[in-house]
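Protein chains: 2
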Amino acid sequence: MQIAIALYERFTALDAIGPYQMLGGIPDAEVVFVAERAGTVRDDSGRLALVADKTFAEVAHPDVLVVPGGPGQSDQMENAPLLDWLRTADATSTWTTSVCTGSLALAAAGLLEGRTATSHWLALGELEKLGVRPSEERVVFDGKYVTAAGVSSGIDMGLALVGRIAGDERARTVQLITEYDPQPPYDAGSPKKAPAHLVEMFREQTRFKDAPA
Amino acid sequence: MQIAIALYERFTALDAIGPYQMLGGIPDAEVVFVAERAGTVRDDSGRLALVADKTFAEVAHPDVLVVPGGPGQSDQMENAPLLDWLRTADATSTWTTSVCTGSLALAAAGLLEGRTATSHWLALGELEKLGVRPSEERVVFDGKYVTAAGVSSGIDMGLALVGRIAGDERARTVQLITEYDPQPPYDAGSPKKAPAHLVEMFREQTRFKDAPA
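As given, the protein sequences belong to chains A and B, one line each in that order.
Under my numbering, the first residue of the first sequence carries the number 1, and numbering increases by one thereafter.
Under my numbering, the first residue of the second sequence carries the number 1, and numbering increases by one thereafter.
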């Protein structure tokens with residue numbers, strides 16, 4: 001079972017590492033970080049560099065593909081090397097997945113047309129403009145397409161996928177060994193729960209200016 | 001505010017990236033990945049390489065230090081370059097922190113003697129052997145020493161620290177933008193919640209053979 005996680009400049013770190021940590025618990029999983037060019041890829045803060053061990057061409061037919069989001073996603077919406085790889089990989093994949101604004105890249109590649117999917121809460125309007133039915137669920141399954149909401153939601157998606165691929169027992173072992181028993185010290189993790197003025201602040205600042213109210 | 005995250009071979013990825021993603025939301029935070037030698041450091045699966053941009057010597061006095069855990073921690077318990085750096089950095093730090101078995105390294109450096117701390121649930125007995133009062137809490141504050149339980153708990157620790165350092169309002173903005181509204185699809189994230197046979201399986205397999213019952 002080959003699992004490819006795509007990287008591009010200014011991706012968001014936890015978008016990639018959340019699913020990575022969970023999916024790596026699938027027996028015989030071969031997880032590989034891929035990018036247009038092999039080598040280091042910087043995240044959105046510039047403080048972290050991950051290594052893409054393989055190019056897109058070297059991993060053309062993974063069983064599972066994961067596309068993280070991040071500010072750099074904006075630069076990928078017309079970037080043929082990524083979009084072509086998404087289409088090629090999707091043609092034979094068992095699961096095609098994304099975290100956060102990674103779903104916008106899947107949509108740009110034409111893979112989510114008419115489907116239901118999610119994204120970062122600030123990007124749901126943008127997703128709809130790309131012909132996708134936006135969902136406010138944290139993890140959305142639509143056939144083999146699995147999309148997760150913002151950043152940290154990739155952990156929940158990854159764990160759900162472990163269950164689908166390797167069974168509930170295996171998913172529980174992964175949850176236990178990663179001690180994934182979340183206890184956030186605040187309760188502001190979604191626009192429905194956070195103070196309204198913070199939600200408004202982000203809506204005003206976002207690159208997705210027409211985010212739904 | 002300089003925040004140093006230590007890397008060593010066979011660390012666990014989410015241990016480092018969880019706090020990184022949260023602490024990076026502190027205004028003017030300068031987060032830097034450090035290691036004995038600058039360059040790539042492989043995680044416990046060997047599938048992921050992160051770049052340490054600086055050596056320990058180059059970042060001798062961070063305001064906050066974070067030590068992740070992972071299988072490779074065992075090789076660090078007598079490794080002078082790491083332990084010496086921990087002591088030097090701790091001498092002037094505002095916060096000295098760890099995730100998972102990173103607390104065993106802090107203990108090996110003599111920094112947790114007589115203190116209360118936590119670690120991965122399988123390592124609490126080992127922590128006690130090192131002269132530390134083990135706690136089953138997910139995030140433990142004891143003075144400036146902040147320790148988190150296994151792997152994913154570093155996210156909760158990171159968010160709690162953002163609150164202490166930059167205030168509750170800032171912590172909530174970080175939680176909202178990372179959409180940290182966890183919804184695990186299973187409820188097996190601690191030894192108290194997981195099926196007993198899974199807990200037993202790990203206790204039998206662990207490198208910490210005397211893990212408490």
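These are computed hints drawn from the structure, not numbers from a lab.
Among the hints, a few may not be true.
One copy or two, either will do: identical chains are not told apart, so a pair holds if it fits within one copy or between any two.
Restricting the straight-line Cα-Cα distance to at most 20 Å, the calculated cross-link-like pairs of lysine to any residue (SDA-like) are [claimed, not checked]:
(1) Lys192 <-> Asp168
(2) Lys192 <-> Gly143
(3) Lys144 <-> Asp63
(4) Lys209 <-> Thr40
(5) Lys192 <-> Arg170
(6) Lys54 <-> Thr40
(7) Lys192 <-> Thr92
(8) Lys192 <-> Gly39
This structure is a prediction, so every number in the text was calculated from the model and none was measured.
Results of checking the hints against the structure:
Proximity of Lys192 to Asp168 under the C-alpha cut-off of 20 Å is restricted to the inter-copy arrangement: shortest distance 18 Å between copies versus 30 Å within a copy. Taking CA atoms no more than 20 Å apart as the test, Lys192 paired with Gly143 passes in neither setting, with 27 Å inside one copy and 34 Å between copies. With identical chains, the CA atoms of Lys144 and Asp63 are at most 20 Å apart within one copy only, with a shortest distance of 11 Å there and 45 Å across copies. In the homo-oligomer, the alpha carbons of Lys209 and Thr40 never lie at most 20 Å apart, since the shortest distance is 31 Å inside one protomer and 38 Å across protomers.
For the identical chains of this complex, Lys192 and Arg170 are inter-copy neighbours only, at 17 Å across copies versus 32 Å inside a copy, given an alpha-carbon limit of 20 Å. For the identical chains of this complex, Lys54 and Thr40 are neighbours both inside a copy (11 Å) and across copies (15 Å), given an alpha-carbon limit of 20 Å. For the homomeric pair Lys192 and Thr92, neither the shortest alpha-carbon distance inside one copy (38 Å) nor that between copies (41 Å) is at most 20 Å. Taking the closest pair of Cα atoms, Lys192 and Gly39 never come within 20 Å of each other, the shortest separation being 40 Å inside a single copy and 42 Å across copies.
Hint violations for this structure: numbers 2, 4, 7 and 8, all remaining hints satisfied.
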